[in-house]
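Trainee: As you go down the protein sequences, you meet chains F and A in turn.
Heads up: the first sequence runs through residues 1 to 341, numbered per the UniProt record's numbering.
Heads up: the second sequence runs through residues 1 to 341, numbered per the UniProt record's numbering.
Source of the hints: derived by calculation from the structure; they are not laboratory data.
Owing to the predicted nature of the structure, the values given are computational and were not obtained by experimental measurement.
Hints should not be assumed to be uniformly reliable.
[Stated by the list, open to error] Straight-line Cα separation of at most 25 Å, PhoX-like style, residue types lysine-lysine; simulated pairs:
| # | chain 1 | residue 1 | chain 2 | residue 2 |
| --- | --- | --- | --- | --- |
| 1 | F | K61 | A | K291 |
| 2 | F | K202 | A | K61 |
| 3 | F | K148 | A | K202 |
| 4 | F | K57 | A | K202 |
| 5 | A | K57 | F | K61 |
| 6 | A | K226 | F | K202 |
| 7 | A | K226 | F | K181 |
| 8 | A | K181 | F | K202 |
| 9 | A | K234 | F | K234 |
| 10 | A | K307 | F | K314 |
| 11 | A | K226 | F | K307 |
| 12 | F | K61 | A | K223 |
| 13 | A | K61 | F | K314 |
[Stated by the list, open to error] Covered by chain F, according to a simulated footprint, are these stretches of chain A (three or more residues, beta-carbon under 8 Å):
| # | stretch |
| --- | --- |
| 14 | 207-217 |
| 15 | 225-234 |
| 16 | 245-254 |
| 17 | 272-284 |
Think of the CB as a built atom: it goes at the ideal place given N, C-alpha and C, for glycine as much as any other residue.
There are 2 protein chains.
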Amino acid sequence: MTNPMTFRHPGFKFLLTLALSLPLLVQAAEPLPSWNDGPSKKQIIEFVQTVTDQNSKDFVKPEDRIAVFDNDGTLWSEQPMYFELLFALEEVKRTAPQHPEWKTTQPFQAVLENDHKALAATGMEGLLKIFGATHTGMTTEAFDDYAKTWLSQARHPKTGKPYTEMIFQPMLEMLDYLRGKDFKTYIVSGGDTGFMRAFAEKVYGVPPEQVIGTTFVTSFEYKDGKASILRTPKLAHNDDGPGKPESIDAVIGRRPILAFGNSDGDLQMLQWTADGPGKRFMGLVHHTDAKREWAYDRQSQIGRLDKALDEANKRGWTVVDMASEWRRIYPFDAATSEQVQ
Amino acid sequence: MTNPMTFRHPGFKFLLTLALSLPLLVQAAEPLPSWNDGPSKKQIIEFVQTVTDQNSKDFVKPEDRIAVFDNDGTLWSEQPMYFELLFALEEVKRTAPQHPEWKTTQPFQAVLENDHKALAATGMEGLLKIFGATHTGMTTEAFDDYAKTWLSQARHPKTGKPYTEMIFQPMLEMLDYLRGKDFKTYIVSGGDTGFMRAFAEKVYGVPPEQVIGTTFVTSFEYKDGKASILRTPKLAHNDDGPGKPESIDAVIGRRPILAFGNSDGDLQMLQWTADGPGKRFMGLVHHTDAKREWAYDRQSQIGRLDKALDEANKRGWTVVDMASEWRRIYPFDAATSEQVQ
C-alpha cells in the first residue's frame with residue numbers, strides 16, 4: 001500500500017500547503033491578542049460573531065456594519081492635554097515672529113510666556129483664538145503640511161515618543177478585526193477633521209473620507225487658473241457631544257451598530273447607536289492605568305468620564321478597564337503577562 | 001487522428017465553457033453600450049484605461065479613484081423643474097390641511113392656487129420658506145419616509161413615469177463601469193442630502209455615505225430614552241457652485257480625479273478637479289435632445305449651462321452631446337440606432 005509515488009501525488013502538495021498555513025489559521029482564530037481574556041474582549045468577539053453570522057436573527061448586512069470611534073482617549077492618549085492643543089500651542093510659538101503683536105496680546109502672550117494660569121483665564125474664547133490663529137487662514141493643503149510636519153517632529157513630554165506612536169495597540173487590533181469582518185471603521189471626534197486626516201490613514205488605517213471631526217467653514221478660491229480651498233476662522237461644526245450623532249447622520253447617513261468612546265463627549269453618540277434596532281455594541285475606554293498610561297475619570301478636565309460612566313453601568317455597556325484588560329497599551333510597549341482580575 | 005472520444009475529453013468541456021462565456025466576455029470588453037462611438041465614450045474609456053494601468057505614468061491607486069457626479073440634469077432629468085422642488089410643492093399641498101393659515105400666506109397661497117407667477121414673485125425667500133416647511137421640523141427618519149413615499153407614488157407630468165425611472169441609462173453604465181475599475185462614485189449635488197439618499201442607493205447604487213448635498217442644521221434629541229435627530233430650518237451648507245468643492249474637501253478629504261456635471265453650478269467642482277496633479281477627467285452633459293429629453297443651455301432658468309460650457313470648450317473638457325452620443329436616454333427607452341454626427 002505504501003507507494004513512494006504518493007509523495008508526488010497532488011494530494012500531498014495539498015496537505016503540505018495546509019500544514020504551512022496552519023499558523024495563519026491559528027492567528028486568524030485568535031483576534032485581539034493584546035486584550036486579556038476579560039469581559040470586554042469576550043463581549044466584542046461575541047458581538048462581532050453574532051452580527052456577521054448569516055444564521056443569526058441579529059445578522060447585519062456588510063454595508064450596514066458601521067463602527068464609530070472617538071479619537072482622543074479612545075484611539076490614542078490625551079494627557080497631559082489633547083495632542084492637537086499641544087500642536088496649536090507650539091504653532092503659536094513657531095509662527096510668533098510673524099506676529100509681533102502677540103507679545104502683548106492674550107491669549108498669545110500667555111502661550112509665549114508659558115503662563116498656564118493666564119492662558120486658562122482666557123477660557124473658551126482664548127482657545128478659539130488660538131485655534132483660529134493656527135488652524136485657519138491657510139489652504140487645506142497647507143494645513144495638512146503643517147500638521148504632518150509637526151507630527152513627524154514633536155515628542156510627547158512624558159514618553160519622549162512621537163504622538164503618532166502613543167496609539168492604543170488593543171484598539172488598533174480591534175479596528176483590524178472589525179475591518180476583517182467587513183465593518184467600515186470611522187473616526188468621530190472633537191478633533192479638527194484636517195488634523196486627524198494628517199495621520200489617521202497611516203496610523204489607524206482609516207482613510208480621509210472616514211474621518212469626521214470638528215470643521216471650520218471653508219471658502220473655494222479660484223485665482224489665475226489655480227483652485228484652492230481656504231480654511232476660515234468661522235466654526236462650521238463642533239463635533240462633540242450631540243454634535244457627534246449629528247455629524248454621523250449628516251456624513252454617513254446610517255446609524256452605527258458599534259460605537260466606542262471614553263468620555264462624556266461620547267455619550268450622545270453611544271445613545272444614538274444604542275437606540276437603533278437589533279444588536280448593538282457600546283464601549284467605553286476607562287483610563288485606570290496610572291502606571292502605563294494615566295488614571296482619570298469623573299474629575300478630569302481632559303476627557304471627563306462621569307455621566308457616560310453612569311449610563312454605561314446602568315445599561316450594561318462595555319467598560320474597558322485599561323489596567324486589567326489591556327496586556328499592552330502602546331505598540332512600543334512590551335506585553336504584560338495575563339492579569340485578568 | 002479524429003477520435004470520437006475527443007468530445008468527452010475535459011478539453012472539450014473547457015472549449016464549450018469558453019464558447020458559452022464568450023458573450024459575457026464581449027460584454028465586459030464593451031463598456032458603455034448605450035453610448036454611441038462618439039468622442040465622449042472614447043475619452044471616458046481612454047481616461048479610465050490610463051489611470052488604472054499600472055504601467056502608466058498616470059496610474060492612480062484605487063483609494064484615490066474618486067469620481068463625483070452632480071445629480072439634477074447629470075444623473076436624472078431636471079425639467080420642467082428640479083424634481084425635488086416638485087416634491088416640495090406637492091408636500092405643501094399634502095400637508096396644507098394642518099396649516100389653514102397657508103391659504104392666505106405667501107408663498108404657500110401661490111402653491112395651493114397653482115399661481116406660478118405669484119410663486120415666482122416670492123423669489124429665493126419664498127423658496128426657502130417652502131423648503132423649510134417641507135424639509136424640516138421632523139426627524140431625519142420621518143423625512144426619509146416622506147421622500148420615499150412621494151417617490152413611489154408621484155409621476156412626471158410629461159412622461160407619466162416615476163421620477164426614479166427618469167435616470168440616464170448611459171450615466172448608470174458609466175457609474176457601473178467606474179465601480180468595476182475600483183472607483184468610488186459620489187453624488188455631489190445641490191439637492192438635499194436626505195432627499196437624494198432616499199433613492200440613490202437603490203437607483204444609482206450609490207450608498208448614503210457617498211451622497212453629498214445641501215444640508216440643514218440638525219439637532220440631536222434625547223427624550224424618555226429615545227434618540228432622534230431633528231431637521232431644523234437653518235441652512236447648514238448650500239451645496240451649489242463653490243459649495244461643491246468645499247463639501248468634497250470636508251466630507252471626502254481627497255481631490256476627485258473625475259467630475260461630471262451639466263450646469264454652471266458644477267463649474268467650481270470641475271475647476272477643483274481639473275487643478276489637481278496627474279491625469280483628470282472633466283465632463284458635462286449637454287442637453288441637446290428636445291425630442292427624447294429636453295434641449296436647453298445658456299438661457300435656461302433650470303440647469304443653466306453658460307460659463308461652464310465656455311470653460312469646457314476652452315480647456316478641452318468632455319461635453320456630451322446628448323442627442324448624438326446617447327443611444328438611449330432612460331432605461332425604459334428603446335435604444336436608437338447608431339447616429340454619431
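Trainee: Taking a Cβ-to-Cβ distance below 8 Å as contact, does the stretch 225-234 of chain A have at least three residues touching chain F?
Mentor: As far as the stretch 225-234 of chain A goes, the hint holds, because 4 residues have Cβ atoms under 8 Å from chain F.
Trainee: Verify the proposed pairing of K57(F) with K202(A), using a straight-line Cα cut of 25 Å.
Mentor: holds (24 Å)
Trainee: Would the hint linking K226(A) and K307(F) be met if the CA-CA limit is 25 Å?
Mentor: holds (17 Å)
Trainee: Would you mind confirming whether the straight-line C-alpha gap from K202(F) to K61(A) stays at or under 25 Å?
Mentor: holds (15 Å)
Trainee: Can the restraint linking K61(F) and K291(A) be considered satisfied, given a maximum Cα separation of 25 Å?
Mentor: violated (43 Å)
Trainee: Given the hinted pair K61(F) and K223(A), is their alpha-carbon gap at most 25 Å?
Mentor: violated (29 Å)
Trainee: For a C-alpha distance cap of 25 Å, please report whether K307(A) and K314(F) respect it.
Mentor: violated (60 Å)
Trainee: K226(A) and K181(F): Cα distance at most 25 Å?
Mentor: violated (29 Å)
Trainee: Next pair to validate is K226(A) with K202(F); report whether the Cα-Cα distance is within 25 Å.
Mentor: With Cα atoms ~37 Å apart, K226(A) and K202(F) exceed 25 Å; violated.
Trainee: Run the distance test for K148(F) versus K202(A): straight-line Cα separation, threshold 25 Å.
Mentor: violated (39 Å)
Trainee: Just to be careful, I want the Cα atoms of K181(A) and K202(F) compared with a cutoff of 25 Å; is the pair within it?
Mentor: The hint holds at about 24 Å.
Trainee: For the pair supplied as a hint, K61(A) and K314(F), confirm whether the alpha-carbon distance does not exceed 25 Å.
Mentor: violated (47 Å)
Checked against the numbered hints given earlier, this structure breaks hints 1, 3, 5, 6, 7, 10, 12 and 13; the rest are met.
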